[in-house]
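Listed in order, the protein sequences are those of chains A and B. Sequential numbering from 12 applies to the first sequence in my numbering. Sequential numbering from 1272 applies to the second sequence in my numbering.
Hints are supplied without guarantee of correctness; some may be wrong.
Under 7 Å between C-beta atoms, here's a sample of chain B residues computed to sit facing chain A [to be verified]: (1) V1299; (2) F1305; (3) P1321; (4) V1336.
Quick caveat, the hints were computed from the structure, so don't treat them as lab data. Here a beta-carbon is modelled for each residue, glycine too, at the ideal position from N, C-alpha and C.
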Amino acid sequence: MHLRDLTRDRHFRHGASDMLAFGPGLAAWGLVTGVAMTQSGLGVGLSILMSLTVYAGSAQLASLPLLASGAPMWVIWASAFCVNLRFVIFSSQWRVHLGHLPRRRRLVLGYLLADLNLVVFQKAWPDRAAHQTGQARYAAGGAAAVWTVWQVSSLAGILLSSLVPLSWGLGFAGTLSMLGIAYALLTDRVAWVAAVVSAAAAVAAFALPLKLNILVAIAAAVAASLVMAKADHRAERGA
Amino acid sequence: MTMASFVWPAWAHGAITIVGLAAAIVAVLAPEIFMTHGALIGTWRDGRLPAAVAATAFYAWRPGVLGPLLAGLAVYMPLHVGFGW
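Sequences are here, hints too, so could you generate the full structure?
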């Protein structure tokens, strides 16, 4: 489907508008990521290149201290890879709805689809086990919306941060913006427990190389929440 | 059951998807807020802690991303720039 026809498709537009509801939060996050990149010493040109090619907010933020300290290339690559491993799990969920597409389209969508896209997609299409028409176009619309908001706000952050002195500690703004996003995701008891487990594990395992503490924390949190969710499920069925 | 046909059971979806993302974010955030140079924060005279509290309090009052961010920065920057916390 030609891109111009795609933008007129109602599923594409539906997907885009659903994601745009998160626009302000995404823009804030993109903005501070842009600021954090330039403030950590990357420079305007490299920051723009990183934003346009890497397109992975948490991996970008996580790799900044490694880049600044001149860590070896393979360490940076491995760390970013570990931070992004969660997408393998998300991908297994996307597969149900997008697995039938030709490989090139899957590669493009796979590159563009962010965490938030899956969350919003599953709210719009609650049937997790089946593929329905319009889903690929919905996903494409969501991907286009997020990419645009993110790149524009990151660019703004990159360009504006040269106006802000380093001593203001604005890099911490990246952390603060992610707090809002994290809290928005913690909607029930299971999620809160998982968050506490994740925070504790991430700090406890900090000495691990390659930012593996992030992977350990995610694994611990997901394991804890699976145990809790299964127990809740059993309790509901029993009652 | 092949890779192509594997589907997570319904009760596990929340755990895998939302928790996976929340856990990833928290895992990046926690060391940023509670650690200095690879060790747990040694002093309470650190601007990040009150800033995180301010951001959390603001979120409890008005959920969103921009509000808590600005509230946290409003607390962090004077402490950081003014007192070196």
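Here is what the structure says about each hint:
no.	hint	result
1	V1299	5 Å, holds
2	F1305	6 Å, holds
3	P1321	12 Å, violated
4	V1336	4 Å, holds
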